[in-house]
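Throw the hints in and build the complete structure from the sequences for me.
Residues per chain are reported as follows:
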Amino acid sequence: MIHRARHYLSLHAQNLLGAYGRLARQPVGSTMTVVVIAIALALPAGMRVLVNNIDALSGSWAGAIDFSAYLRLDVDTERATELADTVERRADVAQVTHVSRDDALAEFKSYSGFGDALDALDDNPLPHALVVRPAGGTRAEIQALADALEALPEVDFVQIDTAWVERLRAIVLLVERIVDIATVLLALAVVLVIGNTIRLEINNRRTEIEVVKLVGGSDAFIRRPFLYMGLSYGLTGAILAMLTIGVSLLLIAEPVRALAGLYGSAYELRGLTAREAGLLLGSGAILGWLGAGIATARHLRAIEPT
Amino acid sequence: MIQFTSVHKRYPNGRDALNGISFEIAKGEMAFLTGPSGAGKSTLLKLVALIERPSRGTVLINNHNTSRIRRRQIPYFRRQIGIVFQDHKLLHDRTIFDNVALPLVIAAARRRDIERRVRAALDQVGLLGREHGLPVTLSAGEQQRVGIARAVASRPDLVIADEPTGNLDPDLSLDIMRLFERFNEVGVTILIATHDLELVERLGHRQIKLEAGRLASEGLS
Ligand SMILES: Nc1ncnc2c1ncn2[C@@H]1O[C@H](COP(=O)(O)OP(=O)(O)O)[C@@H](O)[C@H]1O
Ligand SMILES: [Mg+2]
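Chains as they are written, first to last, in the numbering used here: chain A, 81 to 386; chain B, 75 to 295.
If you are wondering where the hints come from, they were derived from the structure by calculation, not from laboratory data. We put the CB at the ideal spot given by N, CA and C, even for glycine. A few of these clues could be false.
Taking lysine to aspartate or glutamate and the EDC-like style, the derived pairs with C-alpha atoms no more than 16 Å apart in a straight line are [claimed, not checked]:
id : chain 1 : residue 1 : chain 2 : residue 2
1  : A       : Lys189    : A       : Asp202
2  : B       : Lys120    : A       : Glu384
3  : B       : Lys163    : A       : Glu288
4  : B       : Lys163    : A       : Asp202
5  : B       : Lys120    : A       : Asp202
Partial list, computed: chain A residues near chain B (C-beta under 8 Å) [stated by the list, open to error]:
id : residue
6  : Leu294
7  : Phe301
8  : Thr386
Here it is as structure tokens:
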């Protein structure tokens, strides 16, 4: 039993090594195949990295959006200050800045150019305002915070400008869906490319297959090296795809840092996480195995010794 | 070991290669299958190795009715038979050792056993010491010896050979036939198709003569 298992394992190890040996022996053909697979894998994986970055970026912006709660005109300065303190103690609020009606008026005068006209007014028409910075969180949590503030008796209305973030989110969702479709199509392409390569390999090794069948090789025995060859192609393509994505990120890291700097942000590009990298390698291997599986199922049976 | 009963073989193109063949070869026997080209010798051997199936009649090998063996079982059936071909059918990108080891690797033998048996088989055919070379480094006669070593490496009870000396000159042919005789002496049943009547007469084993798909005559030559 142990002997069987060990034999089986060593057979698999040999097949995997043999598969790589065979790839190495036809460097031009197998390099072309590997590059095609790498491109087909790098495209969806790279797009996903891009989408993840846009998503993360828009998330951090959404969290950083301040909104203004304008108080009713009859709320006095003392009450406004109290309220600012109360609101700031909330867990979902990071910071509250109290803009008093006097400050607001002064600012308005200096910026608006209506200074003289406003001087003519006896009363200050502007209310106290609280500029609230949420502690982050999801869009729904931020909306809930805005609703809670609006419900306070002292608050007249809350102004929140997330429309552009919403639009960005919608675009990201759309792009994500497109990336999903592209992923499926390109995965199919990988299966077909590997399947075709394995089909050619089966044709090249026709006589060998016949001989192995004549000396009692089972279908599984004959299939195994081809399955490993498919797996090797897929895995090597995935490794190359990972390298491609890594190098591309390095190339755009500096421009992204410069751009982020212009917006006063220290945003750092995110690469593939360990889990995503594992997923990429695993997908490459599985797609390769699948392509080889289909090719062997279709073509090995037809080869019989005569 | 081999028992044919009223065996017919018609190829899909309508050609009748064998017409009502009945004979028996006992365990431990050595026999030659002779007859002119096109007589059906290769077809008969293919029925033994399950490369072809009989159209009618029964073929018993080691008391197994080959008609009852399903496609999936054929590999396991073939492992009990050593097959030698006129063109050797060696793998030219593998070493001589790997070629001889192939049936043992397929049958999942232990590495130690594989080493031992391959060396024993190569020793028996006089090629010990050449195992690390490629088949192309050998002469035609030596390549056929490797083919024979591969056929006997897993110690089958039955070895069949189709024109094993077809490409060899008379001296080498005799050597190869002597080799088969040596395996026969230790109990292996052997059936060799050949059209080299001179050689067959000289060796004096049982002869099964085919002519146009029928048994022409049988007996000791
Ligand atoms: N695969 C095949 N399809 C059709 N006819 C065949 C096939 N193989 C052999 N034959 C025919 O069957 C007859 C016997 O052939 P074969 O068994 O090869 O004879 P031998 O080995 O004695 O020369 C011949 O007439 C040959 O043409
Ligand atoms: Mg023939």
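Hint-by-hint comparison with the structure:
1. A:Lys189 / A:Asp202: holds (14 Å)
2. B:Lys120 / A:Glu384: Holds - the C-alpha atoms of Glu384 of chain A and Lys120 of chain B are around 12 Å apart, at most 16 Å.
3. B:Lys163 / A:Glu288: holds (9 Å)
4. B:Lys163 / A:Asp202: Roughly 111 Å separates the two Cα atoms, so the pair is violated.
5. B:Lys120 / A:Asp202: violated (116 Å)
6. Leu294: Since the shortest Cβ distance to chain B is 6 Å, the answer is holds.
7. Phe301: holds (6 Å)
8. Thr386: This hint holds: Thr386 of chain A lies near chain B, its Cβ roughly 7 Å from the closest one there, short of 8 Å.
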